[in-house]
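For the protein sequence lines, the chains are Y and S, in the order given.
Mapping of the first sequence onto my numbering: position 119 corresponds to residue 119, and the numbering continues sequentially without gaps.
Mapping of the second sequence onto my numbering: position 48 corresponds to residue 335, and the numbering continues sequentially without gaps.
Just so you know, the hints here were simulated from the structure itself, not pulled from any lab data.
Where is the CB? At the ideal position from N, CA and C, for every residue including glycine.
Possibly wrong hints are sitting among the right ones.
[Said to hold, decoys possible] Computed Cβ-Cβ distance ranges for the label pairs, DEER-style:
| # | chain 1 | residue 1 | chain 2 | residue 2 | range |
| --- | --- | --- | --- | --- | --- |
| 1 | Y | Glu-185 | S | Leu-391 | 23 to 29 Å |
| 2 | Y | Ala-90 | S | Lys-289 | 52 to 58 Å |
| 3 | S | Asp-399 | Y | Asn-9 | 35 to 41 Å |
| 4 | Y | Ser-177 | S | Asp-399 | 41 to 47 Å |
| 5 | S | Pro-327 | Y | Glu-185 | 49 to 55 Å |
[Said to hold, decoys possible] Within a straight-line C-alpha distance of at most 16 Å, the following computed EDC-like cross-link-like pairs (lysine to aspartate or glutamate) qualify:
| # | chain 1 | residue 1 | chain 2 | residue 2 |
| --- | --- | --- | --- | --- |
| 6 | S | Lys-313 | Y | Glu-112 |
| 7 | Y | Lys-75 | Y | Glu-36 |
| 8 | Y | Lys-155 | S | Asp-399 |
| 9 | Y | Lys-40 | S | Asp-299 |
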Amino acid sequence: MASLRDIKNRITSTKKTSQITKAMEMVSASKLSRAEDNAKSFNPYMNKIQEVVASIATGAKDASHPMLSTRPVKKTAYLVITSDRGLAGAYNSNVIRSAMNAINSRHSSKDEYVILAVGRVGRDFFAKRGMNIIDSIIGLPDQPSFADIKEITGKAVGMYADEAFDELYMYYNHFVSAISQEVTEKKVLPLTDVAAETGGMTSYEFEPSPEAILEVLLPQYAESLIYGALLDGKASEHAARMTAMKSATDNAKELIDSLSLSYNRARQAAITQEITEIVGGAAALED
Amino acid sequence: MKTVNVNIVTPDGPVYESAVEMVSTKAQSGELGILAGHIPMVAPLEIGAVRLKKEGRTDLVAVTGGFLEVRPEQVTILAQAAEPATEIDIDRAKEARQRAESLLQAKQDNVDFKRAELALRRAMNRIDVYENRM
């Protein structure tokens with residue numbers, strides 16, 4: 001049986017750990033609410049750009065653009081959004097597993113796909129397996145602004161235009177609620193389903209021409225799709241971390257309870273033993 | 288005078304919202320002035336200033352990478368970045384200009400000239416807008 005001091009030490013260290021996890025939980029909770037606000041303020045932009053793209057794509061049928069048409073797929077790109085740090089429960093492993101499953105079932109050789117990694121965990125994972133990472137971004141702030149991710153979105157869209165790859169899939173955790181996040185796969189490029197998401201139609205005058213506008217608009221649209229996923233992923237990350245830290249705190253509390261129980265038992269046993277010894281000693285003297 | 292609602296929206300949130308008498312700005316095909324009742328139109332914008340005239344004064348907003356969507360009673364400007372003149376950090380803009388200029392002058396092979404030039408144009412635009420804000 002562990003000595004009194006051992007148990008005492010374990011209780012103290014578990015208490016310290018639970019203080020840290022508790023603090024991390026609260027930090028993540030406040031970051032989560034900020035991330036939700038960010039996602040909310042991004043919505044008007046996304047809705048509007050979707051509306052305009054849809055009405056141009058349907059209104060001007062003859063206007064074509066490389067981003068709208070499917071071409072034979074020689075190379076696929078996967079944009080995988082993970083976090084920089086761990087301690088977020090199954091957040092990273094879920095998204096990586098689902099990306100790996102897709103890659104393994106679709107491709108037989110490493111030449112058929114490339115990876116764009118967001119977040120240190122994902123980058124390290126794919127690098128370790130010798131996969132072809134063409135770009136990675138790490139150290140994203142917790143509340144990324146559009147300027148922070150412009151580089152990777154611009155690059156991804158530019159590479160598609162240069163035919164470095166022929167389709168682009170995105171893997172990220174979609175934020176459903178604070179306790180539930182869903183791994184989502186989304187095909188970003190080519191933009192095949194824009195026309196399907198149409199709402200109210202307006203027939204526009206195009207200045208100078210539909211093609212010229214698509215030229216400007218579609219890269220922006222694709223970039224904002226990626227940005228939206230990043231914001232979504234960030235919110236999920238904070239939510240996942242919050243839940244993970246909450247259960248860590250709960251577990252620590254349980255551990256402390258059971259440790260204090262055995263501490264008290266051991267203490268009581270020691271006292272009883274002492275009394276027995278004293279009584280025994282006194283009895284021996286009386287004779 | 289009849290007014291038209293103007294919204295300037297960026298990925299980081301709405302930047303400007305107001306009813307104005309006239310919107311004028313520079314599109315890629317030339318200068319544009321828009322009054323209430325304009326036919327629906329879409330046009331990509333240059334890096335530049337959007338001038339919003341109302342009640343005898345003019346609000347200025349610096350806009351980058353945007354386009355303009357016009358409806359008879361609603362004008363929406365979607366931009367990757369937009370700042371009202373009153374919120375521009377002039378020191379940061381000047382710093383950005385200097386950085387871009389020195390990049391352009393360095394004439395090194397590894398410098399992405401197109402990007403440096405765009406950065407310079409954005410910085411100059413913000414400085415211009417700031418200086419004409421009254």
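Quick rundown of the hints versus the structure:
1. Glu-185(Y) to Leu-391(S): 23 to 29 Å: 42 Å, violated
2. Ala-90(Y) to Lys-289(S): 52 to 58 Å: 57 Å, holds
3. Asp-399(S) to Asn-9(Y): 35 to 41 Å: For Asn-9(Y) against Asp-399(S), whose Cβ atoms are near 57 Å apart, the range 35 to 41 Å is violated.
4. Ser-177(Y) to Asp-399(S): 41 to 47 Å: 42 Å, holds
5. Pro-327(S) to Glu-185(Y): 49 to 55 Å: 35 Å, violated
6. Lys-313(S) to Glu-112(Y): 44 Å, violated
7. Lys-75(Y) to Glu-36(Y): Not OK: Lys-75(Y) and Glu-36(Y) at ~35 Å, beyond 16 Å, violated.
8. Lys-155(Y) to Asp-399(S): Status holds; Cα separation ~13 Å.
9. Lys-40(Y) to Asp-299(S): Holds, at roughly 9 Å.
In this structure, the earlier hints numbered 1, 3, 5, 6, 7 are contradicted, and the remaining ones agree with it.
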